[in-house]
Structures are given as C-alpha cells and as structure tokens.
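Undergrad: Protein sequence lines correspond, in order, to chains A and B.
If you want the numbering used here, it's the position in the first sequence, counting the first as 1, plus 41.
If you want the numbering used here, it's the position in the second sequence, counting the first as 1, plus 41.
Just so you know, these hints were derived from the structure itself, not from any lab.
There could be a bad hint or two in this list.
Since copy identity is lost for identical chains, a pair holds within one copy or between any two.
[Unchecked claim] Computed list of lysine to any residue pairs in SDA-like fashion (alpha-carbon distance at most 20 Å, straight line): (1) K289 to G248; (2) K363 to R287; (3) K363 to L111; (4) K363 to H244; (5) K363 to D87; (6) K363 to D428; (7) K126 to D419; (8) K126 to R416; (9) K363 to P308; (10) K363 to R178; (11) K363 to V183; (12) K363 to A423; (13) K289 to D321; (14) K126 to E294; (15) K126 to R344; (16) K126 to I169; (17) K363 to A106; (18) K363 to R416; (19) K126 to A384; (20) K126 to R86; (21) K126 to R180.
Number of protein chains: 2
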Amino acid sequence: MFTVRTRSSDSRARTGTLRLNHGDVRTPAFVPLATKGAVKTLEPRDVAGLGYELILGNTFHLLLAPGPELVGEMGGLHAFMRWDKAIITDSGGFQVFSMGHGGVADEIKGRGRSRAGGPDPDGRTGAILSVAEEGVRFRSYVDGRERFLSPEGSMSVQAALGSDIALVFDECTPFHVSREYTARSMERTHRWLERCLRWHTEHGPPGQAVYGIVQGGVDWELRRLSAAVVASSRADGIAIGGSLGREKAQMHEVVSWTTAELDRLAPDRPRHLLGIGDVDDLIAGVELGIDTFDCALPTRLGRHGVALIPDPAAGWRVDLAKGRWRASREPILEGCACPACSAGFSRSYLHYVLRAGELTALRLLTLHNLWFIARLMDDLRAAVEGDRLAEVAGALRAGVAPGVVV
Amino acid sequence: MFTVRTRSSDSRARTGTLRLNHGDVRTPAFVPLATKGAVKTLEPRDVAGLGYELILGNTFHLLLAPGPELVGEMGGLHAFMRWDKAIITDSGGFQVFSMGHGGVADEIKGRGRSRAGGPDPDGRTGAILSVAEEGVRFRSYVDGRERFLSPEGSMSVQAALGSDIALVFDECTPFHVSREYTARSMERTHRWLERCLRWHTEHGPPGQAVYGIVQGGVDWELRRLSAAVVASSRADGIAIGGSLGREKAQMHEVVSWTTAELDRLAPDRPRHLLGIGDVDDLIAGVELGIDTFDCALPTRLGRHGVALIPDPAAGWRVDLAKGRWRASREPILEGCACPACSAGFSRSYLHYVLRAGELTALRLLTLHNLWFIARLMDDLRAAVEGDRLAEVAGALRAGVAPGVVV
C-alpha cells in the first residue's frame, strides 16, 4: 500500500505514494484533523480545494457521539461526512489516556508541564476509571455514561467508521513518569498491537491499512526496542506516538532514533508522526524520514486568531488579534494565493472581525493556515524529488515563503 | 436609480432594477445581513455565489467598532470587507432605540412581548442615556464609553462607510406605547429626515442613494401621513420601519396601508421593508409591492440549527437539532441545489455536527437558508415578470419548493 518514490541523498527523507481505499496520497503529507467528523469551520470541498488527500478522524470522539453504529448505518465515515478521499482514524488511546493524566496532550508533545486534572485537549473534562490489561474504563464527556475501550473495541469502531488507515490502540504515557512505568506501558502497547492485528485479520474491512505505534518515551533503548517490535509485526505502517520529550530538540532526537531504526528494519513501510505540526517540526520530520503528520495546530491556531507566516523568529506565527494590526493594510502574507489572502483581506479587517467574534474570521484563518501548510509540504516533496532538500529546508528555515523557494 | 420593469396586473407587486454605485440589483430582492461587516459564517464569494447583489451593514455596530474613521481609511466598507457588489447601511436608529426600550426588536416586528431590560438583538446589553431633538446619547456595548448619535452623525458614518444606499436616522417606537407617543416620535422622525437629507446634499458621497423611513406604528392615519411626508421628500427610496404590529396579519395590513399610499404618491420609488424575512412575509410583501427586504432570520436560524424548507404548516422550518433527525438519511431538502444539499449531507450528519458544536454545521445551514431565500425571490421575480404571481404565490404557500414552481 506504500511505494517509496525517491530517497534524499543527504538525509533520511523520501517521497512516496500511499495507495488507499479512497485514493492515493502523495507523501510527505500533512493530515488536517477532522476530529469529530468535520474539519472545523470548513466543508470537505474546501479541504480538497486546498490540496489535501488525507484527513484524520478520531475514534474516541466518534465512539462517544454519534457512535460507530450510526456512522456504520450511514455508510461509514466517508459517506457520513461527505469526504471521498482518504481518512486515517486515531485509535482513541491518546484521548483516553489524556483524560487519565489530565490534559496530557501538551506535555506529551513537549509543550510544557502537565495540568493535573485539567480539561482534555478539546476543553471537556473526562475521567478515567480504570486501566487494565483488557482495556480502559472511563466516563463519557458527552453523557456521563461509563464506557470501555479495548484494543479490539478500538479496531471494531475503526472498522465501522471504514477509515482507510486504522491506528492500533496504545497506552499513551506522559513525560513525567518513570522509565519503569514507560517500559511496562510500552510492553502493554506491544501486546495490544498483537491483539489489534489479530482482530483486524479476522474482522477488519477489506483494504483497511493498520499502523502500529512505536512508544518508549524519551528513552533510546525503549524506542529502539519498540521500533523493532512494531517493525517485526504485520502492521502496514508505523506511527510514532507517546511522549516525544520536553522540548523540540529532544523530540527531533527521539524521532531520529526511531526512523534510523526503521530505515534499517522496515525501510519501505510508511511512517506517521502523531500530533506534530509546527512548521519547523514538519521540516525536521521530513528530513528524518517521516511520511505523514497530523496535528490540530494549523486549524486550532486559526480559530485563535493566529496565522502562519514565513517568520521563523516569530515561531512562524502572527497573532492577528493583537492591537498592532488594527490599521494594517497588509494581507496576512504578501503574495499568498490562499482564499483569504487572494481575496484581499487586510490584517486590519481580520483583526476587527476576530475581535467582533465573527465566525467568518475563524474560517479565513483556518483556510490560510491549511493552505500555508499544504504549500510547505508541496515544497518539501518537490525538494526531495529534486534531491535538493538541504537547500530548500535551509531557505524555508531562513524565512522564505512556501511556494517561492521551489 | 430605480426603474420599475413590470407591474403585476392583480396585485401591487412589481419587478425593477436598482442602479447603484456598486452594480445593479434586480428586485424584489432579499438582502442578507452583514451587520458587523461579515455575513456570519460566510465569505463574500459565498454570498455572491448564492446570487445576492445587495447586503446590509449596520451603522450602529460599525460606529462602535471598528469605527467609521478606520473603515474610511481602509477605503470604505466595500474595500474593507472585500464585497464589490452593493451595500445598504441601516442608520443605527433601530439599534439605538432597541437598547432604550430593552430588546425591542421582537416586539417591533410583531414576534411577541417586550422583554424589558433584556439584551439587544445581538445579545449585548446596552444603555440609552438620553433622547433629545438633537440626537441620542447612549453607552457603547464595546467599551462602555458614552456615545452620541444624531441624524447628521448617522449620515456621516454612512458616508464614511461608502454604502450604496443610506437609511435616514429614525426614532424607532415599540408597539406598547400610546398613539400620542407614536405620533410625537413620528414627527421627530420626519424632522430628522429633513436633517439627514440636508446633511447628505452637502456632504454625502456621490451616487449614494438615501432612503427615508415611514413610521407611524399600527395607526392607519399616522402611517398614511408618514408615507405622504416621506414621499414628498427628496429621498431616493422609502423604507418602512417601526412597529408593524403584534402579529403577522396586522403587519401585512400596516404594510398594505403604506404601499397603497406609496403607489399613489411615489409609484416609481423603491421600497424597502425593514427587518422582515419570514418566508410567508416575503411572499406577502412582494404582493404588497415591496422591492427589498432585510432580515437576520435566515442566517440566525441557520446558526441555531434551523433550516428553511417548503413546509408552511411547520412555519417553513425544520429544527435539525431535534433528536428525531439522529438517523435520518434525508437531505435538508430533496432536490435542493444548495451547497449543503447538493454535497449530500444528511439530516443525520447535520444533527450530529450541530450537537457537537462544529462551526461547519452553522455554515452549511446558513448556506442552505440563504440559498432557499434567494431561489424564493428568483421565483417571485419570475412570477411577476410573467404576470402569474397569484398562481406562483399560491403554489409556494401550498408548500411547493422554490425553483420547482416557476
């Protein structure tokens, strides 16, 4: 289901094509989130129009509402949400364990300290009731009912959703736990991987690919071991999950350990990096041989008034809600061909409509951010194809706009 | 600036063309609201794509934020919000007086009793400080500052906005006041009309049309008098405002009195009915010789999960948030070519995304509702052109879908 097309001569980067039930996906690719069956503020035709071929739906959220039975009855997630290109579904592990550890998302992805007991990434409070070998018992944020998710349960939900790529159910460990805890948790994830694959062999929908998940926290030995276990499994692809460290440098290191091992053991299988989507991390991830990335960042930033721009010193971001843009005639990004910039909206207007609470503003920034990331990935693909990734990555890191450098 | 194209042989209905600074508007037409400089959830290209040639911006809200100076500096409202077709601006009278009377919007438009002290139509609380011959002093809901709006002030804001049609500043009286109060208020509105026209003659932007506003509450004599006063003024067009009664029958009667008088005194001037947009009211309004209508209803209903459908018995509405649509495979409306229905979204999906709080849902319902109203107006225009309004109105009132009957 995956063909490597070209390999970079001076890095681990490669381009390829994922051949999925709902069409081909050219990689490296960014995967926008349709967590609850909609890319927030957009219609499917918008997402396709931006150039995306793969989006991510979430098993945890879709399990709780509207439920896999209903989605199945409606012909699967593609038919239900009117998206006819490919879908990858997250297994729900990350969300279930986020609840348990209390808003663990930021910590896992190296964005700061854990907020114990805090809300889950979508601002809902949830509660984990028990974690056992069999699975996880938790309370639904939708209706307060007790629910249970197991490896087999997650796979069966993903079968009902009919995604093109299913992810195995994993135990997702935060950064602050001990090496022993991480090791035990990783071993459970490996056992769960086998249970997921077994279930899928018997009951999985035809053509649905399954990705295993490499865990092991920030420990070199554990990551290598986990990579070896997943590589030796029948998983069609390999995702990298769990705690990637406290900061970016450590995250890049953990990813590098893993892809180095995968290059040795499973060079032709596709690799997905879970939950990473900062501009610099996408560039680094491609250099390290990642094929696909998913992240809430571009869409979530947009809904918070933050637009992506080629300004590395500013973290590739501009906060349009800030007063300094009140009278700015500038577009978000000069020369940008996204629906917001090409229509001529000024920072002044966007600042105003953001402050006024107009939903149109959230849509315009979402469109811009997803356009920006799509063009960035276009550039990175073209760079690998032309074997000039170092040059192109250098230019992007120096603040050249996507679409200009290639 | 207005040409009557055809007149119905058996009603007061007519078709016409408004020739405005930013293009022609075929009438009868519905005018979507861009209250704060954006049609909520949509981009300008969406609104144009639905077939609309005229939208309404609001002087009161745009005065408070971002302010006419900024909009003027940015080249006017068209350039600021990236809408190159025509704009009509409300004078702010309705909003200012809504604050004073406490959520008067519903009452003025015959939708129930006044909620004394309640929020204004946009859910903000405001406070009127004084009403005098000179103008109205009130407290801004944006920053709590004391502000003042007068006839000249309103016209100068509308000049800075650069709208194609400006409305004069009127005192907007609710239903529950005495005839004497309504009469005194109406007389003040007539004096303010003259002040607005005087200011506009000296300072108004070239080509900006000005509409006077007929007041007079639900009193036959006052409405006739007010229609005569506005008809005898230099106003380019005539809007019908103020209290239109406690219920629909009374509203139709008040409109009928007014347009009968206008047919006699100003048959060739365009007429706008302020704040009315129920499907049956649009049909009745066209029969009574109204040329343009504005209303928050189609867009606001959409944001509350309610879709317009050709079901008169259900008030032309279906509430998709209701549990009965949980597993419905039906589209909002069979055969509808709107962006939501033609993309194949089921009521089940829309129900789910509404409940899930997805902004995509609000956009899809807004698109459907504005499409529905645009096609309704297409049908009514074609019916008048073909002199078969009675037949077409009858079919629409019997529940035939717009686009099918003509």
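Undergrad: Output the numbers, in ascending order, of every earlier hint that fails for this structure.
TA: Violated: hints 1, 2, 4, 5, 6, 9, 10, 12, 14, 15, 16, 18, 21.
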